[in-house]
Amino acid sequence: LAKTTQPISMDSYEGQEVNITCSHNNIATNDYITWYQQFPSQGPRFIIQGYKTKVTNEVASLFIPADRKSSTLSLPRVSLSDTAVYYCLVGDIDYGQNFVFGPGTRLSVLP
Amino acid sequence: DGGITQSPKYLFRKEGQNVTLSCEQNLNHDAMYWYRQDPGQGLRLIYYSQIVNDFQKGDIAEGYSVSREKKESFPLTVTSAQKNPTAFYLCASSTLKGELFFGEGSRLTVL
Numbered sequence: 001l002a003k004t005t006q007p008i009s010m011d012s013y014e015g016q017e018v019n020i021t022c023s024h025n026n027i028a029t030n031d032y033i034t035w036y037q038q039f040p041s042q043g044p045r046f047i048i049q050g051y052k053t054k055v056t057n058e059v060a061s062l063f064i065p066a067d068r069k070s071s072t073l074s075l076p077r078v079s080l081s082d083t084a085v086y087y088c089l090v091g092d093i094d095y096g097q098n099f100v101f102g103p104g105t106r107l108s109v110l111p
Numbered sequence: 001d002g003g004i005t006q007s008p009k010y011l012f013r014k015e016g017q018n019v020t021l022s023c024e025q026n027l028n029h030d031a032m033y034w035y036r037q038d039p040g041q042g043l044r045l046i047y048y049s050q051i052v053n054d055f056q057k058g059d060i061a062e063g064y065s066v067s068r069e070k071k072e073s074f075p076l077t078v079t080s081a082q083k084n085p086t087a088f089y090l091c092a093s094s095t096l097k098g099e100l101f102f103g104e105g106s107r108l109t110v111l
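Residue numbers (this note's numbering), protein chains in the order written: chain A, 1 to 111; chain B, 1 to 111.
It should be emphasised that the hints constitute simulated quantities derived from the structure, not laboratory data. Don't be surprised by glycine CBs; every beta carbon is placed ideally from N, CA and C. One or more hints might be untrue.
Reference excerpt, derived from the structure (chain A facing chain B, CB under 10 Å, subset only) [what the hints assert, rightly or not]:
#1 T5
#2 T34
#3 Y36
#4 G43
#5 R45
#6 Q49
#7 T53
#8 F63
#9 V85
#10 Y87
#11 G91
#12 D92
#13 D94
Same shape as in the complex, but just chain B:
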């Protein structure tokens, strides 16, 4: 079935470590996004990419990095520069009509 696959579902990190969250889609969508969600809050945009080899910062990009080497893949790295990384991370892609398809999310906890 077509969709967005995120991994891992749960991830624990020690302070000072970088971690990479995987996001793969087989929907043939050009645009992909990374969001962060904190408890009881809406989603905040971290990075987005409208085409391969191009990406732009969202509202809260500091401490994060991305790459878009393939249309299907948009991994997010949470670096040690991100001071409060514990959160629920969501990856999405969108159709040409602006409909967003989300993955199941990755929950990152800093120990």
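Next comes chain A alone, as it looks inside the complex:
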């Protein structure tokens, strides 16, 4: 199972772009990279998923270099409501039981 490493915490200010990097040196060929957001006392919510290069949706972008040993979640112009814990998961999407939720990155957005 691919192990991931993320910063424990990050601070940002409203309106700034936030980039959270996840390291996954032993990612396997069939593994996808998925990011989730979790607010206190709620279940995590899917943000974005990718395999290589760049993926963008209405809330975030995911950048994955050619070697796929890391990935960066980019949140454009964050607001106070983006304060949450962000999890990076790496795994084969056919085996959801193998997705491992580490401690994540606690993002604090300040006014």
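Got chain A; can you put chain B on it based on the hints?
Positioned in the frame of chain A, the structure of chain B alone reads:
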């Protein structure tokens, strides 16, 4: 609306009692999961089920039991054998692309 419904939201248990947490989904997903989350920690997998009438132990199954008699339902029983059951419990289901959908969680406190 489609989603995962967990109940109860809060539950108190005396030592030595078994309690059952309900999880229902109307997303027509085959795979379902139970996770446990302790304060400041990531999620840990308790049990998962990929199909009706079949389930597998996750990383921390001791002291827990599940059933999967219907596609829509995946209840979790916290037995008296679980020595430290106070935690936040999350149920999820997943799409074929590995996207996890979570319920709002059940917070269990042992008195």
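Hints and how they fare:
1. T5: With a closest approach of 13 Å, the T5 (chain A) hint is violated.
2. T34: Status holds, d = 7 Å.
3. Y36: 7 Å, holds
4. G43: 3 Å, holds
5. R45: For R45 (chain A), the interface hint holds, since the closest Cβ of chain B sits about 7 Å away, which is under 10 Å.
6. Q49: 7 Å, holds
7. T53: Violated. Min distance 17 Å.
8. F63: With a closest approach of 20 Å, the F63 (chain A) hint is violated.
9. V85: Holds, about 9 Å.
10. Y87: Cβ of Y87 (chain A) sits 7 Å from chain B, so the hint holds.
11. G91: This interface hint holds because 7 Å falls under the 10 Å limit.
12. D92: Holds: closest Cβ of chain B sits about 8 Å from D92 (chain A), inside 10 Å.
13. D94: Since chain B brings a Cβ to about 7 Å from D94 (chain A), closer than 10 Å, the hint holds.
Checked against the numbered hints above, the structure violates hints 1, 7 and 8; every other hint is satisfied.
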